[in-house]
Amino acid sequence: MYSVPWYAIVLIAVPQTILIIKIGFGLFNLQVHARQCLLATLIVSVVTYFLRKLPLMFGIHTIILVILLTILLVILQRIDFWRSLVAVLLGVMILGVIENSYLPLLLQFTSRNVMDLAEQPWFNIAAFLPGFLIGLLLYAFIRHRKFVLFDLKRAGEVQKPVNHGVYIIAVILLQSFLLVLIGAALLVNQQRFNIAVIVPWANMAILLVALLSIAAIKQLEENSRNSQRVQLLKSHLQQVELLLKVLQSQKHEYSRHIQAIQSLVYLKRYQEIKEYIEGIAEEYWHMEEVLYTSHPVLTGLLNSKRSFAESQGIELAVAVKCDPAGIPIPPWDLCSILGNLLDNAMEAALEDKGKPRVAIEFKYEFPYYVIYIQNNGARISAAEKQRIFEPGYTNKDSPARGYGLYLVSRLLERYQGTIEVTSKGQTSIIVRLADKGSNTAAGKSYSSLESWMTGG
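Here the sequence shown stands for residues 1 to 456, numbered as in full-length UniProt numbering.
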């Protein structure tokens, strides 16, 4: 193995490693901090300098560096191993395919061979520049179009941090990575084994496999999104089904009471009719009318949550002061956001020793739709506010908890919304969503929330 001078490491390994991290993490929608990225790059570059001096089999040093970079990013970025691995593999594969595609043409055009890259460091640096510029343009395109191959950030929203999709992606990329190494080995040894004629065809085949791998990963992303939509829609349908069961039960009760009253009327037992009606009135005086909004799915969600709150002894107030049909979010995502926020609010309200209270209010404050959710439960500390939207964070014992608010934050981020948490006299969550169309007239207010939360 040939030795690489320090200036070649600085001018090749450093920018190459940064580009690998940026492209790989960007295509998987994983955040990478500049300081951690630079630190990992410097460590890998130093190791590269000494590793190149060792007499290792071709490709071994690349595998070692991939593993090292993966582990460094796991430690520095605090993400799990598999997400870091697939991001690094994707970056290496893309730059490897670019290099394998243009380098044979460059060598042929300059009448050089692969050995000149090892023996002439400045030529090696010059040969690196076209591939680096292509990779830089690719990264700029990804950033500009906000293109995501597979959203690994979203993969842990409703599942464990590592899911089967990540394993499948890792297998796909490992195969492509090995093919890229084989292509590089053919390029290096084409003169020794007189195989120059098959190198272009091999590189074309590797390029095709790489493109198919990227297409397969993108299809996995689509399948993952569709699966999530199905799960959310299933949850919403279950909430509507719960509402229908409540209505069916109430209908049965009303029919039974009407039959009983009718029988008493026929028997002319008026005093018993009076007592019976007074008993019904006392039992059902607290029951409110079914809520109706211009948003059918939201109507089902609010009514099912109110029925659940009633069964738990929670007083839930709803005020709709705008047309919720204009909220610029698909129904399944809107119900996922509100369902999680209401569940958390009711769970917190149950900790109140007096009367648990939860309120939700929809308003239009130009140019935003604003949703206020309040509860009179336990207060949220400043330290908890910093962490409640982190995946897996919970103050409950169950390990399956802690992804509801993370899902909410990710969905709001997707639709350019914001969420604010205040916890002084009571805990309030304020969601703002920009109006992307024309707002219609204000909606009906089903319940006044002014001073209601404080019992006024």
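If you are wondering where the hints come from, they were derived from the structure by calculation, not from laboratory data.
It is possible that some hints are incorrect.
Stated by the list, open to error - Label pairs and their in silico Cβ distance ranges: (1) I67 to R112: 47 to 57 Å; (2) Q312 to L178: 34 to 44 Å; (3) Q312 to R145: 27 to 37 Å.
Said to hold, decoys possible - With a cut-off of at most 25 Å between alpha-carbon atoms, the simulated DSS-like pairs for lysine-lysine come out as follows: (4) K234 to K153; (5) K353 to K385; (6) K321 to K245; (7) K218 to K153; (8) K424 to K355; (9) K153 to K355; (10) K234 to K146; (11) K234 to K22; (12) K274 to K22; (13) K274 to K251; (14) K436 to K353; (15) K321 to K363; (16) K436 to K424; (17) K385 to K436; (18) K363 to K436; (19) K146 to K363.
Ideal placement from N, C-alpha and C gives every residue a C-beta, glycine not left out.
Verification of the supplied hints:
1. I67 to R112: 47 to 57 Å: violated, 32 Å
2. Q312 to L178: 34 to 44 Å: Distance hint for Q312, L178 is violated at roughly 56 Å.
3. Q312 to R145: 27 to 37 Å: Violated, since Q312 and R145 (Cβ atoms, about 47 Å apart) do not stay within the stated range.
4. K234 to K153: holds, 23 Å
5. K353 to K385: Satisfied, since the Cα-Cα distance of roughly 23 Å is no more than 25 Å.
6. K321 to K245: violated, 28 Å
7. K218 to K153: holds, 15 Å
8. K424 to K355: The given pair, whose Cα atoms are some 18 Å apart, holds under the 25 Å limit.
9. K153 to K355: violated, 39 Å
10. K234 to K146: violated, 30 Å
11. K234 to K22: Roughly 37 Å separates the two Cα atoms, so the pair is violated.
12. K274 to K22: Cα-Cα ~77 Å, so violated.
13. K274 to K251: Roughly 22 Å separates the two Cα atoms, so the pair holds.
14. K436 to K353: With Cα atoms ~42 Å apart, K436 and K353 exceed 25 Å; violated.
15. K321 to K363: Judged against 25 Å, a Cα distance of about 5 Å means the pair holds.
16. K436 to K424: Not satisfied, since the Cα-Cα distance of roughly 32 Å exceeds 25 Å.
17. K385 to K436: Violated, because 29 Å separates the two Cα atoms, which is more than 25 Å.
18. K363 to K436: holds, 15 Å
19. K146 to K363: violated, 31 Å
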